[in-house]
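**Q** In case you want the letters, here they are:
2 protein chains.
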Amino acid sequence: MSLTVVGSIAFDSVRTPFGERERMLGGSAVHFSLAASFFSEVHVVGPVGDDFGDEQLDVMRKRGVDTSDIERVEGGETFFWQGHYDYDLNTAHTDDTQLNVFGDFEPKLSDSSRSSDLLFLANIQPDLQRKVRAQCDGARFAALDSMNLWIDTARDSLLAAIGEVDCTIINDAEIRALTEESNLARAAAKVMEHGPKAVVAKQGEYGAALFTQSGFFALPGYPLEDVRDPTGAGDSFAGGFLGYLDSEGGEIDDGVLRRAMGYGTVLASFNVEEFGTERVARLDREEIDERFELLRSMTQFEAMPA
Amino acid sequence: MSLTVVGSIAFDSVRTPFGERERMLGGSAVHFSLAASFFSEVHVVGPVGDDFGDEQLDVMRKRGVDTSDIERVEGGETFFWQGHYDYDLNTAHTDDTQLNVFGDFEPKLSDSSRSSDLLFLANIQPDLQRKVRAQCDGARFAALDSMNLWIDTARDSLLAAIGEVDCTIINDAEIRALTEESNLARAAAKVMEHGPKAVVAKQGEYGAALFTQSGFFALPGYPLEDVRDPTGAGDSFAGGFLGYLDSEGGEIDDGVLRRAMGYGTVLASFNVEEFGTERVARLDREEIDERFELLRSMTQFEAMPA
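Chains as they are written, first to last, in this note's numbering: chain A, 12 to 317; chain B, 12 to 317.
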């Protein structure tokens, strides 16, 4: 069982009402791979510059992530994002974005990355997503994320990419924008018409909803009294979700997808408890399973005895 | 088993992307009592003007609601609200509000209204809520709703009213505003410090979350492909919630509250399918129970066989 993720590897400078960090390790592929590492053998693909060192690689390596397809661009600088969150932690305000080596990124996958069972195309230009998908044509399940930028500037490419994966994992507002349909159930059905068997609508603090041909499932965000930095929550969700799917091995039916939603929710909840990768980097599987059971008990109609 | 609601009785003129209605029956006490009528003997208390006739009363009477405490103010006009919803059905835009007889409302409860087992104080001035609560001091469970207007203009009165009920049912943004606490779990805990054993955070299309001393429970909104008019959804939720609590009779523990959340969600979902009271007025209990079971199956980790 193995899982490949292609996406950004970044330095993030983030300020929230609860503190700030300068140039900490971030990026969609990083958050994803750390979350997925609790379930699966993860190969991470993405570019970095000369400023990216062993200190950063070790965060992933310590979690057993295969970093050999992280491409170091000589003379380049790593993707950099600076942003802040105000009182409403749901909204990220971007203060600076420097694509750097990410601007000319052409994914090159080794044989081991290409032959993974599962594939996650994190939020990158949809034509690149399609190129990676074509290289990993043996993956039994592929999912992608995207964002408003690509909906606005590369809509046809994005729809083509969506048509080549099994699952789309994007924010609910993006599902609405992509389909020009305000009703989420109808919007998700429209996305499925393009090919995917499953659509996951990420809803920030409200959790996530799963639409499949046969049904609907939704989970609230795990209720936390301390949320410090939401950066990477969506990618951690996707990492827990796809990592669990990979670990199950068998057919990916609605029951497996529902439990994967639970693991996605749990990984996202740990991610936001501290800044960047701090919390997930020192997480263990026991903590994950414990919170999964708590989440399950919080969503059952029959309350557990107190 | 009986349930008293005090709140507005109104004419609503509403426009949404799916149509419009002029001066249709509305108001918090009306939406609440219709929803609760499937579970409980409901007494509705509120003022109307000369323009309110048998046609409107009959909508409630046909559902078995006791309308004898609806006070007709001679020479007065019924509360009137005009508003519209755009593409985003979550946001109501108010175009006109005429308090009319509601401006001088002094609730007068008959013996039967006063002796109900349960009490719901819909969104009215908090000092009025307190007067009604004092008249119904035998109710074994009381809940209230409120709004930003009272948080801004009558905060101390509202906190006193909250201290005198068992459950607060308000929008999540209002819980945050009331407590000046951005984290919802912390904000709900702060509300409970004032007295209530339970706090329900209404979250629009995202559903609702329940906070109690012993736990957390949340349900998504029921996924509908056709939402025509969200007006009254929150009051229909409260009606299903409290109606079910009343019908259960026994101790109101977490298990009963969770199922009540389910019935609240179901009644709110029917309410928004058509304009005003149109859908709930012709609903039957079988439809409610059927949707309740569907909602339960949509929130279980184990998927039903397709």
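Don't read these hints as lab results, they were simulated from the structure. Treat the numbers as computed from the prediction; the structure is a model and nothing was measured. Some hints could be false.
[What the hints assert, rightly or not] In silico SDA-like cross-links for lysine to any residue, where the CA-CA straight-line distance does not exceed 25 Å:
| no. | chain 1 | residue 1 | chain 2 | residue 2 |
| --- | --- | --- | --- | --- |
| 1 | A | Lys201 | A | Val267 |
| 2 | A | Lys201 | B | Asp97 |
| 3 | B | Lys201 | A | Val267 |
**Q** Between the alpha carbons of lysine 201 of chain A and aspartate 97 of chain B, is the straight-line distance 25 Å or under?
**A** 21 Å, holds
**Q** Within 25 Å, alpha carbon to alpha carbon, are lysine 201 of chain B and valine 267 of chain A?
**A** 37 Å, violated
**Q** Within a Cα-Cα threshold of 25 Å, do lysine 201 of chain A and valine 267 of chain A meet the stated pairing?
**A** The hint holds at about 23 Å.
Of the numbered hints stated above, the single one contradicted by the structure is hint 3.
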